[in-house]
Amino acid sequence: MPEIAEVETVRNVLKKSILHKRIIGVDIYYDKMIEGDVEEFKKCLINNEFVDIKRVGKWLIFELNNYYMLSHLRMEGKYFIKNTSEEKAKHEHVIMHFADNTDLRYHDTRKFGRMKIIPKYALYETEEIKKQGKEPGSKELTSEYLVSKFKLKKEPIKTALLDQTIISGLGNIYADEVLFASKINPTRPANSITGDEALKIALSSARIIKKAMEMGGTTIRSYTSSLGVTGHYQDYLCVHKRENLPCPSCGEKIIRIKVGGRSTYLCPKCQK
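For reference, each letter of the sequence shown is one residue, going 47 to 318 in the numbering used here.
It should be emphasised that the hints constitute simulated quantities derived from the structure, not laboratory data.
Among the clues, some could well be false.
Ranges between beta-carbon positions, derived for each pair [claimed, not checked]:
#1 307 to 155: 18 to 26 Å
#2 278 to 303: 24 to 32 Å
#3 185 to 306: 28 to 36 Å
#4 242 to 158: 31 to 39 Å
#5 307 to 170: 30 to 38 Å
Beta carbons: idealized from backbone N, C-alpha and C, even for Gly.
Please work from the sequences and hints to get the whole structure.
Listed below in structure tokens is the structure:
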């Protein structure tokens, strides 16, 4: 699943490739991917152009002249830029045709991705955006903020870190890495996290996500990007997908457990 660093990489590549290109046609091959009326969705795009691309958490926000197009990649969503003359691939469900004979194609093997059009004035009133928590690296992601959120949660801290209303953009990969860097066991109840531990989470998440963004995200079997970009942060992972390999800090074998139904990697010695 693409997380904050991978979505940011997609945003950066698309900004260099598709801005200010007139959209002359839109083909939808899976209507359920579009929230709202499909014909209205097309109408808002045709004869318009993307003037900017923003991001909030894992949401891509394509700015048009009068609207925003929100896009969430979910598990396997990818964007491709192709020539219009190229044959449609099997899992390409939304295709936007530009006047220069190129396309922006949305590919999703699992069909979980979602898109919707909203008026510009409604962006921060839209439920998907309004409910997002603080992003890693944000000045608002403080230890006090985290403690105030965690104290209401009896669930494991790993599960709380995946709650997008608390920290926006973290997913399974980076939650494992943040907890390792913070020396916190992922099964600990969230409401047991101290102020000092919350500060470690805030600082570690900022550092790890900044580095991951610089490296183009993480390319592993569960998510491979498109657009000719291969992330390299997988070379810096300390615990995620490293079962039975030595902990980089103490040499103990990394173990894999299930937390909230998600595969979770940790060092049993460092993260007691």
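Each hint tested on the structure:
1. Distance hint for residue 307 and residue 155: a CB-CB separation of about 21 Å, consistent with the stated range 18 to 26 Å.
2. The beta-carbon spacing between residue 278 and residue 303, approximately 27 Å, falls within the hinted interval of 24 to 32 Å.
3. The beta-carbon spacing between residue 185 and residue 306, approximately 29 Å, falls within the hinted interval of 28 to 36 Å.
4. Checking the proposed 31 to 39 Å range against residue 242 and residue 158 shows it holds: the Cβ atoms sit about 38 Å from each other.
5. For residue 307 and residue 170, the hinted distance range of 30 to 38 Å is satisfied, since their beta carbons lie about 32 Å from each other.
In this structure, every one of the numbered hints holds.
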